[in-house]
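*Asks:* Letter by letter, the chains look like this.
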Amino acid sequence: MLEIKNLHVNIEGKEILKGIDLHVRAGEIHAIMGPNGSGKSTLASAIAGKDIVEITEGEINYMGENLKDMNPEDRARKGLFLGFQYPVEIPGVSLVNFMKTAINENRKFKGLEPISASEFLKMMNEKQELVGLHAKLTSRSVNEGFSGGEKKRNEIFQMAMLEPLLAILDETDSGLDIDAMKIVANGVNKLKRSYNATILITHYQRLLDYVIPDFVHVLYKGRIVRSGEKELAQELEEKGYEWIEEEV
Amino acid sequence: MNLLTSVTEIKQQIIEQFEKHADELYNGTGNRINRFRKQALDDFNRLGIPTAKNENYRYTPVDRFLQGSYDLDLKANPFRIEPEDVFKCNIPELDTDVLLFLNGFYYGSGRPLNVPDGVVICSLNEASERHPDIFQAHYSKYASTSEDGLVAMNTLFARDGIFIYLPDDAVLRRPLQIINLSHSFNNLRITRRNLVVAGKNTAASLVICDHTLCEQSYHINSLTEIVLDDHSHIDYTRIQNENNLSAQINNVFVNQQSGSLFNSHIITLHAGLSRNNFYVNLMAPFCESNLYGLFLCDRKQHVANYTLMNHDSPDCLSNQLFKGILDDEATGTFNGKIHVRKDAQKTRAYQRNNNILLSSASKMNSKPHLEIYADDVKCSHGATTGQLDNEALFYARTRGISEKEARHLLMYAFANEIVSEISVDILRERIIEMIDKRLRGELSRCNNCDIHCTS
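So the protein lines, in turn, are chains A and B.
Going by my numbering, the first residue of the first sequence is number 1, and it counts up by one from there.
Going by my numbering, the first residue of the second sequence is number 1001, and it counts up by one from there.
None of these hints come from the bench; they were simulated from the model.
Even for Gly, the Cβ is constructed at its ideal location relative to N, Cα and C.
Be aware that a few hints might be false.
[To be verified] Below, in silico cross-link-like pairs of lysine to any residue (SDA-like), each with a Cα-Cα straight-line distance of 25 Å or less:
#, chain 1, residue 1, chain 2, residue 2
1, A, K100, B, R1430
2, B, K1404, A, V88
3, B, K1363, A, G92
4, A, K110, B, K1404
5, A, K100, B, L1439
[Stated by the list, open to error] Just so you have them, the derived chain B footprint on chain A, three or more residues with Cβ under 8 Å:
#, stretch
6, 39-51
7, 66-79
8, 86-95
9, 103-112
[Stated by the list, open to error] Label-pair distances were calculated between CB atoms; the ranges are:
#, chain 1, residue 1, chain 2, residue 2, range
10, A, I115, B, D1425, 20 to 30 Å
11, A, E242, B, Q1387, 41 to 51 Å
12, B, R1174, A, N186, 48 to 58 Å
13, B, A1361, A, E231, 36 to 46 Å
14, B, E1126, A, S118, 51 to 61 Å
15, A, S116, B, I1432, 15 to 25 Å
16, B, S1359, A, S139, 28 to 38 Å
17, B, K1437, A, G111, 47 to 57 Å
18, A, N186, B, Q1387, 37 to 47 Å
19, A, E231, B, S1359, 50 to 60 Å
20, B, E1055, A, K14, 44 to 54 Å
21, B, K1437, A, E126, 33 to 43 Å
In isolation and in its complexed conformation, chain A is listed as follows:
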């Protein structure tokens, strides 16, 4: 599904990713861990297509297509989803209007008619329930005045609405209390199918108690320095990132 080969990325002329290889197949959950500044969010931005990301070498292939010249919206329409570490506030655009626009833009891409009002409402209710998003939030402006937990829940809610094939969740667990994290984890687990995949980017092992990854990768100074199964996360938690530093 996703194949990243020898990816080098510059941001504002500075090399952040220095040769990443990553292979994600349908049905898998991958965790990418690493200390601050290791390049985790840059990797997420590169896959989602943020314009400040400059790929200097290597490539990202998704569903057999090189993403290099594809704009972010087309990536999204082909099933990519990025859950933001810092979800953006959009004053004046209600969440319900935002989601309706997103759903219809995706449908248009697939050659489908706009969604009917009743169908949309039903879908909203279902997905709100799934992630425990309070209904009153949907009439408010996107993320405006949302608490930290509500913002993250909203990311999972949008993921549930858009039903992506590959979701990248960038530190969706950060800043969440244990109950909120369970809800987020629960959402990820419930949405898991044999045909979709998830990349969890996280600083702590905590989330991985609730979402069991198939693979764990450790990103350090722009490179994946260790890959393994879920036990690697455990080991990392016990020994800390200094351990990786010493090993490297």
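Got chain A sorted already, so can you dock chain B onto it with the hints?
*Replies:* Same frame as chain A, now just chain B:
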């Protein structure tokens, strides 16, 4: 070498034009209008067309839009248009009483107005003869000709416009829609002079639509004096949709008495130059005044909003919110002032101006301004000018929303803060539709606006 005609020459042309047509103007107009012309001429001669040297007009290039020659219409109906055949206002849901003006002349309504007894709605010139007491008490009382040459010019050429009088306790149940049309074979100088007198406990909603119906250049000088007696309520919604060659100077003088409420929405969709000046006097306690403005401009358009909110009395509340979106080489200015006098304690006065520049060549000058001489007040003012939020655009795009649609969503949200304050539901929805079209570039000229004044 400067190819523009200088402001002195423009002034001279205008004075010559007045002198050439003075007899006709005096003969065709009532004495209660005529008697202000002499002073206006002296003042205009002294003040002329404002230039960058005038602090209030510093960033508004009025002269640039007054180049070339303009005719003057001194009689109504030069085109023999049957208003009821040609101008059908096609907003079936919007139940309004409609009044038509062509090139500044009153054409009235195709059907009888459904208004309470004692309410007077007619041509300004007619009112000056038929309602002398009310007319004399208010006409040209608030719009001083001694400070702004363009105000003097309006008084100098004043010929017709709308006159509205609401006797005490009169309430207009339906909005009064005033459609100003410009249509001619030559460039035209148009003067509109309006007077609105609202008695005690009255209420009315005025919806004014400004349209050019052809591609001539119009120099439109519009001036409205509005008087609100105790506990009266006037809503003033104006949609400006004129061609890129035209310049509109719109002066509004508002005088509010105790407990009165004035709400204004100026929506500038299209204009070559649009300059709105609001002078609001809060003369007695417990007045409320809300001025909202939205302008969307591109190409070489210029939109300027100027306000002077005079808090003369204690316990009054005022809000000002003006927002603009500028593209291409468009320029805009906001120059707003809140003036709180010494005795105006417990004043609450707020002012905000937010602008979005879509291009690097567009430009906005903003000057929010507070002058407070009382010590127990709550006041705020502020201005921002920026671009569309790139982070928000990217966020929307990662959800599959195209860049174009994402930009539209953000601009629309920005504009909606102004429009959402319009109290007439149907009107608000129609304006939202028009703004939506304008932002999508589908409302490229005034005469395909959604209001369909023409059938």
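*Asks:* Run through the hints listed earlier and report the numbers of any the structure violates, in increasing order.
*Replies:* 13, 17
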